[in-house]
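S.K.: Chain order of the listed sequences is A and B. When the letters of the first sequence are read in order and numbered with the numbering used here, they come out as residues 582 to 801. When the letters of the second sequence are read in order and numbered with the numbering used here, they come out as residues 7 to 363.
Quick list of in silico lysine to aspartate or glutamate cross-link-like pairs, DMTMM-like style, CA-CA up to 25 Å:
1. A:Lys598 - A:Asp645
2. B:Lys215 - A:Asp625
3. A:Lys765 - B:Glu109
4. B:Lys306 - B:Glu322
5. A:Lys695 - B:Glu106
6. A:Lys695 - B:Asp44
7. A:Lys761 - B:Asp101
8. A:Lys738 - B:Glu244
9. A:Lys761 - B:Glu96
10. A:Lys739 - B:Glu244
11. A:Lys767 - B:Asp112
The calculated label-pair distances, taken between Cβ atoms and stated as ranges, are:
12. A:Gly612 - B:Asp169: 17 to 25 Å
13. A:Phe744 - B:Gln181: 37 to 45 Å
14. A:Lys599 - B:Val37: 34 to 42 Å
15. B:Gln181 - A:Pro663: 29 to 37 Å
Residues from chain B that keep clear of chain A, each with C-beta distances beyond 10 Å, as calculated:
16. Leu9
17. Gly36
18. Val37
19. Val40
20. Leu74
21. Arg149
22. Leu178
23. Val187
24. Ala222
25. Tyr254
26. Glu303
27. Ala308
Quick caveat, the hints were computed from the structure, so don't treat them as lab data. Heads up, the beta-carbon is just placed ideally off N, CA and C, and yes, glycines get one too.
The residues making up each chain are set out below.
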Amino acid sequence: MIRYDAIQAAYYREKLKKRVQADVRECYQCGNCSASCPAAFSFDYKPNQLMRMLQVGLVEQVLDSKAIQLCIQCLTCSARCPRNIDVAGIFEDLKTVATAQERPVPEHAKTFNKAFMDAVARFGRLPEVYMMGMFYLGTKDPRLALNDLGLTLPMVKKGKMQFVPRRARGTAEVARIYKKSMHKAKEREKAERAALAARAATSAATGAAAHLGAEGGVAE
Amino acid sequence: MTLAYYPGCSLHKSSIEFDVSTRNLLSVLGVEVVEVPDWTCCGSSPAHMMDHLLAQALAARNLRQAALVGDEMLVPCPSCFQREKNAEVEIHENDALRAEVNEVLDSPYTGRVKVYALPEYLYRFVGEEKIAASVKVDLSELRIVPYYGCLLGRPSELTGEVDNEQPMMMDLLLQAAGVDVKWWNYKTECCGASVGMPKMEIQRRLSGKILQQALAAGAEAIVVCCPLCHVNLDLKQEQINRFLGTDYHVPVLYLPQVLGLALGLSEEQVMLHKNVVDPRPLIAKAVAAAAARRAEEERKAAAKAAKAAAREKAEETVAAEASASGDASVPADAVVPAVAAGPGEATVITEGEEVQP
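Let's have the full structure, built from the sequences with the hints guiding it.
M.R.: Here it is, written out as structure tokens:
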């Protein structure tokens, strides 16, 4: 049985309204986003399904979905939404939530992001070859590396590969920005989850009437 | 006021031809740029997927560095452009966010740097007229489709385009440079972007569709303005062919490469040798075809001029005979309509005569 969670739904709705200026309740399920999405064929849930899941509070499933990780951020859904909902913005924000909660993210997306940002924090500018190497190591899947091995030859021939990365001036600051921001994000997430748990506890204690009251309070 | 130039990581090495052709094009057009001192990665594209503050702070650091040079920053790479523009808009509007960003920066960003993408800058501050007036090489036989991808069209409030679905700046710039721009419906379809790394299938299918549609539109090359689109369409074309069982061989050029060629830059100056699918035979063919067509047109024009001269001479003789034999009291202007009507009739007759034998 699917359990809808009104408190969770209200909590994330409020959060997304604040952070992305988008209200999931405004979605009326026309499906334009799914029809326009170039990557939807590879998703476990289509964009309009994700919007519905957010409306009813199936947030955990959304955060663990392949879909938000495979979203390319091409912004077509946001551009075509007749209700002007920033769908891609919502997915982007939920991706950051999944990161802050340190969820095991499907489809190597986390590996890619981590390989990329670690490399940038180390060298200031993106050392492409180094990053690719770290990514392939991180995936622990030699097929990925082998698949792209064919690309190295033309890159080398065209002199487009920098094998020895050089550290840019300003790297130290970039590393500090990375560390401070991610630390803050985790702290913020912890505090928010604690608040959410507290809210759920009070509503469970006071029963269904307070439950509705909590929803009404959020809508203000 | 100096224009700050933010190349970004891709242009630094793997898309060096985009960087060099952009700088050379700007210098031909008389736009002076100064590289942002000690710029670092803008964080695209993982940073904004990981944390909002991280993304804005990494971008804000570059805005702060650009402010040392001037209060306008040109960002040719659309991924970098989106991050920097996003940070510009949010930070300049929201003082609370600026304070939060400044907390994680070593020294605060207090400026108001405006960020521009390359097509927008060329369109708004250089202009079609100037480009059209500077054309040196006839590329009217180069049939291309401009491919904007996601980030040069969407969202139009950021990119300066009029419409999300039909961006026009690259079309208009290329047309001004005399290139044969084809119309197609895949201008803003996604090429697969960096999902090409974790999930290859998406990128291969999407990029394959773009190559197919470009050919269907009657183009022989695709013009892009994004290093990631270029990697996906150019470097990975061979992979796409293997995956889809196709045999595409479509050169993918950068916008400043094509504009630069039209404005008289050499193939070396726009680094055509760096593109993986070699565009040089196509460019040579287009230039030769344009020259041949021009020669043919000149030959026809010369023939026509010779014919017209012969006709004029004949008419002059007729007019002279008429005025010699005509009454002296006839006013001069009465003769003029007769002469003016002459050429039209004469053309019909000569053409008729030509067709007859």
